[in-house]
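Enquirer: The chain contents come next:
Protein chains: 2
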Amino acid sequence: MSSTETPVHVLILAGGAGTRFWPASRAARPKQLLPLLGGEPLITATARRVLPLCARGGSDGWERIWIATGQHLVAPTRAALPEVSERRLLVEPAPRNTAPCIGWAAATIARDDPDAIVVVLPSDHHIADVPQFLEVLQAAVASAQGGAITTIGIRPTHPETGFGYIEAEETAGAGSAAPAEPAEPLNVLRFVEKPSRERAVEFVASGRFLWNAGMFIFRAGDMRAAIRAHLPALAEGLDEIDGAAALGAAEEAEAVLRVFPRLPAVSIDHGVMEHVAGLAVVPGDFGWSDVGSWQSAWELADKDERGNSAPAGSVLIDAQHNYLVDLRTRSGGAPDDRRVIALVGVEGLVVVETDDALLVVPRDRAQEVKHVVDALKAQGRGRHT
Amino acid sequence: MSSTETPVHVLILAGGAGTRFWPASRAARPKQLLPLLGGEPLITATARRVLPLCARGGSDGWERIWIATGQHLVAPTRAALPEVSERRLLVEPAPRNTAPCIGWAAATIARDDPDAIVVVLPSDHHIADVPQFLEVLQAAVASAQGGAITTIGIRPTHPETGFGYIEAEETAGAGSAAPAEPAEPLNVLRFVEKPSRERAVEFVASGRFLWNAGMFIFRAGDMRAAIRAHLPALAEGLDEIDGAAALGAAEEAEAVLRVFPRLPAVSIDHGVMEHVAGLAVVPGDFGWSDVGSWQSAWELADKDERGNSAPAGSVLIDAQHNYLVDLRTRSGGAPDDRRVIALVGVEGLVVVETDDALLVVPRDRAQEVKHVVDALKAQGRGRHT
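Chains as they are written, first to last, in this note's numbering: chain W, 148 to 532; chain H, 148 to 532.
If we strip away everything but chain W, and leave its shape as in the complex, we get (with noise of 0.2 Å):
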């Protein structure tokens, strides 16, 4: 499908935790993994999605997917992914923020072709409209092989607090309701951070502004030379990486135990994006979500007739708009599927199951789980969080 020569590298993060999914997200099963939306955990859902962008002659695109994680998320991540080979996996030694994984994938990359393309993405989130998502992709791909490094920029849809903003030079057909034009990618102007809503609604009305989403698109060589250019201890510590890669992997490995740890821990929007000159977005407009809280997973979780998203087999009478996740484990870490879940006259409710929790909160006060976590912690279990 890729209309380039180019190989497209794509590099899934998939670190990280979160509360907003107590009891199902936990220290060691982060929402990447749970399989919120149906029978795959959404990091799989994304490898899938982008297969065609990395597909090139006889092959199936598996190679060029990488992940970065963490040591303790190895073995979960390797069976939600079993295609993607232990090569392809970039185990971080510590926890660094954004900027120095995405620099040592685009370091490695670059080793054997500095012209690659390399798409950084989320690991967690949804997009509804995919054919319309690899096109903006696509349009991405072509402005980062013209030297640019280049993000996906979300058409708002209301004014919200919770994500950070790109403001673009120009946002073409923001408001219409006519048919998405080709995707162009434009110049941007600032990376702004969650806005009050004030602002989020001033944002909006303006149409120049996008929701950023994490996506990121360049050439593995434009990103060695950003990195160097705005954070050189990072570009020294990779630089340290590459000399012990070119010795073998042995050394590699060990000199990413060595200098892992002691990169800047930054983002790469603080670190790279906010100080790179000549970005570029492609703003989209494919039903993207960053599956936020049990409420917004309801939403894009298949239903029945009467808006009940349940396990098969559950016994729902007079139930209506309510979410049921079983996330319990036979022995064998199988969904337990002897489990009988009954509501009877219940509506609107989110009931999350797993081996050492139960939860019942509304669904319009799904939010509000945090408060759980934060009382577990209070009670000294830290381990049911």
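Source of the hints: derived by calculation from the structure; they are not laboratory data.
Check each hint, because a few of them may be wrong.
As the list claims (entries may be wrong) - Straight-line Cα separation of at most 25 Å, DMTMM-like style, residue types lysine to aspartate or glutamate; simulated pairs: (1) W/LYS517 to H/ASP451; (2) H/LYS517 to H/ASP502; (3) H/LYS524 to W/GLU515; (4) W/LYS517 to H/GLU317; (5) H/LYS517 to W/ASP451; (6) W/LYS450 to H/GLU230; (7) H/LYS517 to W/GLU452; (8) W/LYS517 to H/GLU494.
What the hints assert, rightly or not - Here are the computed distance ranges between Cβ atoms for each label pair: (9) H/GLU331 to W/GLY527: 53 to 63 Å; (10) W/ALA400 to H/LYS524: 16 to 26 Å; (11) H/GLU187 to W/GLU233: 48 to 58 Å; (12) W/ALA459 to H/GLU187: 33 to 43 Å; (13) W/ARG344 to H/LYS524: 50 to 60 Å.
All residues carry an ideal CB built from backbone N, CA and C; glycine is no exception.
For chain W, the structure is supplied; the task is to place chain H on it using the hints.
Expert: Positioned in the frame of chain W, the structure of chain H alone reads:
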């Protein structure tokens, strides 16, 4: 405490199943074995409550507590009542309703002493005012010692249509707010099946009707005679068991296995009480409840200042008037205290967990859990019922 020299035995009827406490109550774990109102199962509380009545001399009373139950319930029943010796368990080889097992107990006790008093009690009720209850039972024991088969009638608090009623010749003090009169037996005019709403209202207004709580007090020999008069087929079967018992314990056990399954399956109410002349009833007002639903169990359970009844360690955030029951077990069978149950922003819910089921229902619709049982049976999932 007993004011008489005649020994008083208590027979606790502990078969049954029922669907109103699904998923907690199951074929193998009926209501009396559930710790619905706190730490101990209802049957354990039932036995402890009447010990003072059975105690005599240096004995603590346990040797006069008899339990009638089914083969499949022997193990959990013994676990709930370790003080009851195996000789006092009357294990019914087949369920034949209440008349055969009450007859069997009466015959067994009458062999030693036909004048011994037998108090028959359901195993799964709650009594708030135990001293008053014991006073009423003492009055009934005295009535039975005079030769009258005697029952206890609960003064109705509302026109309940779920209970049978007993019409008494006169019930002094009905509707009076004054302290209870000393308990006195009255003549029974008739037993009435569960009435319509309209009739129930009339019953309560009349002051002559009492709830039939399934409690019967009689001399063992009097019950044998009543059975001989009104259920001759049962009397013959009991004679056969008696004859075998004279030969030895093994012969007796063999006779029970052979005879019991062909005894007439009839309730003591229909088979005996409705036909006996000179029946007496002692009105009682001692905070009786048949604990008929999750709603009534919540009413009786200990609650926190916000009206929640929940296991220790539950996390309740802005949650009120909820009833949480966790009957999950660890592999060893003990309660699973590793579990976190979190309720956020919900009110008036019943949430029940067992090893293989979860129920969520508003408290005021808790009666509808029977529809879940029906649905599971219709789906061929009877093992969950």
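Enquirer: Determine which of the earlier numbered hints do not hold for this structure and return their numbers in increasing order.
Expert: 3, 4, 6, 10
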